[in-house]
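Peer 1: Okay, here's what each chain looks like letter by letter:
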Amino acid sequence: MLSAQTVSNENKKRRGSMREFGMLFILIALAVFFTVANPRFISGENLLDMFRNTAILGILAVGMMMIITTGGIDLSVGAVVSLTGMVSALLVRDFPNTPVIAAILVAMLVGTGCGLINGFLVAKGRIIPIIATLATMNAFRGFTFIISDSAWVSAHEFPADYKALATGGLGPVNNLVIFWIVVMIVFYYFQTYTRTGRYVYAVGSNPDVVNITGIRKDRILILVYTIQGLLAGLAGILWTAKFASAQPDTATGYEINVIAACVLGGVSINGGAGKMQGLILGVLTLGILENALPLVNISVFWQNFIKGMIILTAIVANVLIKRRSTAQGLKRREI
Amino acid sequence: MANMQRTNVELDRLALQHSFDAKKFFIRWESLLVVILIGILVLNVVVSNGNFLGSQFFSAANGFMDKSFIVLSMAFVLITGEIDISVGSTVALSAVLMAISYNAGLPMALAIALCILVGAGCGAINGLIFVKFRELPTMIITLATMIIYRGVATIILEDRASGGFPDWFAEISWGSLGPVPYSVIVFALLATLFAVVLHKTAFGRELFAIGNNKLAAQFSRIKVNRDLFVAFLLNGLMAGVCALFLTSRMTSTRPNIADGYELEAIAIVVLAGIPTTGGKGNMTGVILAVFIIGFLRNGLGMFNVTSPVMSVIIGLLLIGTVLISNFFINKEKKL
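So the sequences go chain by chain: A and B.
Per our numbering, the first sequence runs over residues 1 to 335.
Per our numbering, the second sequence runs over residues 1 to 335.
There may be inaccurate statements among the hints.
As the list claims (entries may be wrong) - To give an idea of the chain A side of the interface with chain B (calculated C-beta under 8 Å), a few residues: (1) A132; (2) S150; (3) M309.
Hints are computed from structural coordinates only; laboratory data are not their basis.
If you're wondering where the values come from, they're calculated on a predicted model, not measured in any experiment.
By construction, the Cβ of each residue, glycine as well, lies at the ideal position given by its N, Cα and C atoms.
With the sequences and hints as input, model every part of the structure.
Peer 2: This is how it looks when you write it as structure tokens:
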């Protein structure tokens, strides 16, 4: 019994690393393909630019990973990005003297509020996450149109230091990338080394047992949705700074990209499994697909198709690997 | 032995309680929907100064009928406890293929048949992937195919529109039999058909069994894979029908049409009292919910309520109804 347990644990470990290996393989294959097709792909300038374009996706994916780890999902993230971006843009348009840091804080505060609403609906309202966030997605998106009067805030209405948020950086590394790295490090630490972070996995693995062990499941749920709101707030202001415009329909459907990044990164949609290492691979793969196609003269109209096929291939390959390793595990136990 | 007997008695009592609750739920949930619908109809009549009773009723219904076809089959999918978020993209792909094949010289009647077939084909692909790889959640499969189908439509038409259909094609959605538009007649026929299949055939009852407990259904010799495949196939087929009516109403098509239809359909099905966890619900609720959302939009539109405000209202309505259901009516199974 004990040895069987150990074997299955070993299997699990191997399976986890294999999944990430598979993803790493796809990522390297893509990188090699693009480099061969156009050597400019591997240039530092292009890579930095790609990281800059992927940073916002990366930040959102961190929050989404935690939500999916609890067995939930957040469809409202695109709407929250749009709402917080619009709030901060309106703030700096109407009060040009607002320091940038205040705008960031306001955006994150609004985002946190949105996340808190989602968390409460899921944890206390006991509404299934996909429905709760589908409803709030409608509501937040509607609010964005209402507060902006359906109009854009355009580039010339932003103060220079606001736009500098997305153009400035530390040496060659853009601010957006720095934000992304900081978010990843903070939440890697949180998920791996703090008790609350481990509880997030516990809630997703087995909600019933979690209740028995006395972990306050509701609090964990509210926490992860609130974190996602906070990160979406940060992403919202970075988005408006990057594009130097705030539109009420910004990031429509972006939640699909974020979820896809998580799926590619090996985050199990059933909850309980998902690691930052895998997530980075998923985000980078999606980042390459979104940014590198023009380099090799593939029309942008092919982008979605290729993206979808890669996602499908990755998830199916993942299943096949899993089946094989389970079969091997059974053979080893001579069952 | 005595212990076992007690368990049996308890089980019986539980079963009795459960069926009692379920019955109460159906009675009260549908009657709640009827009350809401009557309220909304009265609102429509008042706002339109009585015109609603005359010509407006059917023209308003015609406006939201195309989407409603998907709702019928989405109900099947949700009852099995699965989900399909690819239908919006399926609509786009069917419509685009119909348009380009007609413009390439295919007779219109064949192009229409192709449209429906493509829809069914997309649904069949979803179903096939799912039954081959049952480990994969349908959320993820249809997320991938959602991106792929829309991607194929985008590759074909890029950012152009395609149209130029014969005059009689517009009649499909604009024509009527007496005062009743064809779309409403087709919907009535299909709704009856779906209701009969769901409630009066073995297949329909099996869908409920699958939604309640897939494993138990499997052990009861229900062909779970076949039933799930058919449910997804039907959903694709209905997306094809939707594409036909939508294209006829718009007179031309683009690859970005029907964006977000999947979420709207899911929202209506949930409002109808079918939880995304599956296993319960009925067609009466679904049909009532279709008209509630449709006429609510129509009525609010006459109030000059802008569409952002409308999406806030619909978001709140969804949350409100699910909360009512969770806390007052349906305490066991959460929506």
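Peer 1: Run every hint past the structure and note whether it holds.
Peer 2: Hints versus structure:
1. A132: holds, 7 Å
2. S150: holds, 7 Å
3. M309: With a closest approach of 6 Å, the M309(A) hint holds.
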